[in-house]
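With the hints as a guide, bring the two chains together.
As a plain string of letters, each chain reads:
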Amino acid sequence: MELKYAFFPGCSLHASAEEYRMSCDRISEVLGIDLVELDDWNCCSSIDAVYAYNPEFSIFLSARNLSIAEKMGMDLVTLCSACFFTLSRANRLLSEDKRLRNNVDKALKSIGLKYDGKVKVRHYLDVLINDVGLSRVSENVKSPLKGLKVASYYGCLLIRPPEITGFDDPEHPRSMDDIVRALGADSVDYIDRIRCCGASLMVTKENVAMEMTKNILLNAKDAGADCIITPCPMCHFNLDARQHDIESRYGVEINLPVLYFTQLIGLAYSLEPEKLGLNRNCVSVEDLLKKLKST
Amino acid sequence: MKSLEFKVTPEVRDDSFVKEIAKMRGGENVLDCIQCGVCSGSCHARFAMDYTPMQIIKMIHLGLKEKVLSSRTIWICASCYACATRCPRNIDIPLLMSALKQMSMKSASVSEGEVKARFHKDFTEIIRKYGRIYEPELKMRLISKTDLGEIYRNTLLALRLWRRGKIKVHPVRIKGIEDLSRIFESSLKEG
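Residue numbers (the numbering used here), protein chains in the order written: chain A, -14 to 280; chain B, 7 to 197.
Take the hints with a grain of salt, since some may be wrong.
Residues from chain A that face chain B, not an exhaustive set, calculated with beta carbons under 7 Å [unchecked claim]:
1) 36
2) 41
3) 96
4) 186
5) 193
By construction, these hints were calculated from the structure, which means they are not laboratory data. Cβ coordinates follow ideal geometry from the N, Cα and C atoms, glycine included.
The shape of chain B in the complex, shown without the other chains (with noise of 0.2 Å):
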């Protein structure tokens, strides 16, 4: 966990940040905390975040946009709505976090080696494709090709499933998938 060490002056303030983000749907009371930090204490993910959920949320009000936006925490959010649940202002985090994985993903911020990035896209993709999840491929989209300790591990759970009839041979498509399919072409270009 990093502390808050770095200097603020002004150069890498943007004033309009905390205000673009109260206006996405999670941001609406932001400025209503009050840095109590009952997320980070209830956060179950915060061991391999680099900033707690409380200092990201210091940060928006900062005007700290590049260093939030690239940081860690947003992607290793869980959405396990423990922080929230206990927010004594009602900001709803986890939300916020995806507000900020939209932000991040739409500007440079996201790091390229972020697989959680290319994760939400995936996911999309397949869901655009069929209609439902079909999580071999999702894997095999993700799945880093360097890593070989990775590759082994999941040869191995993929037959231990195999075994187990947990996987499937083909994905099932809907029969609404051309439907889906528009709008989700129309719900790009106005998104």
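If we strip away everything but chain A, and leave its shape as in the complex, we get (with noise of 0.2 Å):
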């Protein structure tokens, strides 16, 4: 099977998460997975940020991008779950809304494109379960993350709702938790590993958003976990550059790691921390790469 798929990277990997794409890129090179950057592409639209503002607009966005990944005749991939929900649902709603699919194809004409339908957007995730394979992502591991406590936050979007996202079950998902187990390291249960983290409040309602986030940060922490490991660079954001901020917030310490899953696979290929972007996390990870030399 060729692993070769068009690539939509979204706004966050060009600025805040260039490392989940660093490191995205790194470990598709070990496994053989060919990431073709869309041309051009635009903005997702962002779950409801431009919908709630005018939908139609919102769904020729989505619908822009899906046409030129039906042009290069390829699944269309992401890291993002925010930009994997969002263009996912364009497509459903496409294939539901005969009004809206007149509208959307009348302004793609006017721009010399085209879109029938037939993109699949996939989760970078759903990808390495399902097309790699999970021994495929084991095999490849030079030294195993032993003794390593991993919880797994899965969030929003990436699961939910299942008939939009649907590789991985909505209430009780296992893809990160099985690739944690696939590297060696143990899989840490905790409560908060499928409640939403606030990131679409972060901009706006700060407070809302922080409350959100801390119980889940506590949450895995009280759990012993010695990282979270998340797939968007949304959740990121909220738990690892925003942790500063909940800690002064509620007078707690947290000093937990936030690593992006694809950065996590980086080290159990033996990959420089360096070359996975680890350096730019904002909470420190040198007390980790010390425990992983260590055993």
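Structure representation (structure tokens):
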């Protein structure tokens, strides 16, 4: 099976989440996954950020990307849960709503594009689990992450709603836990693994988002996790970049490293931490790296 | 959380409200709600809402348009789909909340201080300008100019992000930006 995909990075991967892209590229090299970036892609329209203001324009934004991917003739892969959901939902709405479909078709035509609804939107995690396979993920492990306790944080739109996302169980997801175990680490169970981190509120309702994120961090910490892994740049921003603000706001010490699942895989593949962008994570990963070296 | 203690008098009821909503995407199944409360029980943001999602739907049934469109709840929903995934009546609650936000923004119900209403508009305008989001500009547009705590926290955050190379100095503008702007203009007229 040729592992070649149209790749939609999404806006965060070019800014706050460059390390997600870096680590994904490194492990893709190891696993023989070829990601071909969409030419001149635009914002997916980000859940309901554009939709609530102008629904039709938001679906057009998704459709422009889908149309570019359709020309490439490959599945469309993204690393961001929000892009994954938004682009999949556009696919669904376009197939269900004829009026919307007509209007979007017209708009695409006016800029020389068309979309026949044939693109399958997928998350990179789905590719690892279902195309690459856990055995191949595990075969490439050079330094098993023995003794490392990892809390997988799934959040929201990677797994919900199942009719749009579909590759993992919406209530009891396991894809990342399976990867954690395939890397030789221990998967930690804790109650907040599928609770929303409030990412879409972080710009406008900081206090609400921080309350939501705090609970996830504290519960993962209480469960004995050495780190959290996430599949989404939005969750990562809340859990990692804002962890310091949460500590000062609530007067607690958390100090829990938050890695992209691709960074964790990279560590088990003995890739250089710098090449995985681990120096870009806000919460220091030094203690974590030391712990790995000592085992 | 408020309880539904207000009086539902004929004067406050707008019977066309539920019909209007049922026509919007997300509102299709709103009349099927059996008030089981699984949405409210699943909501991770309900602590910050004035009415639970279940109460909002009941209020729609009762025609309490003004109360619904001026509620805090519709702006707090984070679209995480915990509710809709479990709803036994197939109500797409996050999309319903989006429909209510649209109505609220179009009517005069939205309070001036509601920063989330500005968020949707500013976010869309930035996409129209560049084709991709540029977070520093979005944050600068939305940050409270009077809340010193927020300004202080965000300045420190920006420095922290800067040191890690997480802030780009310039926004990226896509090649097809003219196309995007034109479509935006025409979809506004029709919408």
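Point to revise | Restraint satisfaction for residue 186 (chain A) [CB to CB of chain B, less than 7 Å] | key: Holds: closest Cβ of chain B sits about 5 Å from residue 186 (chain A), inside 7 Å.
Practice item. Answer holds if the nearest beta-carbon of chain B is closer than 7 Å to that of residue 96 (chain A); otherwise answer violated. Key: Hint on residue 96 (chain A): holds, closest Cβ of chain B at ~4 Å, below 7 Å.
Point to revise | Minimum beta-carbon distance criterion (7 Å), residue 193 (chain A) to chain B | key: 4 Å, holds
Review point. When the nearest CB of chain B is found for residue 36 (chain A), is that gap smaller than 7 Å?
Key: 6 Å, holds
Point to revise | residue 41 (chain A) as an interface hint toward chain B, with CB separation required under 7 Å | key: 5 Å, holds
When each numbered hint is compared with the structure, no violation occurs for any of them.
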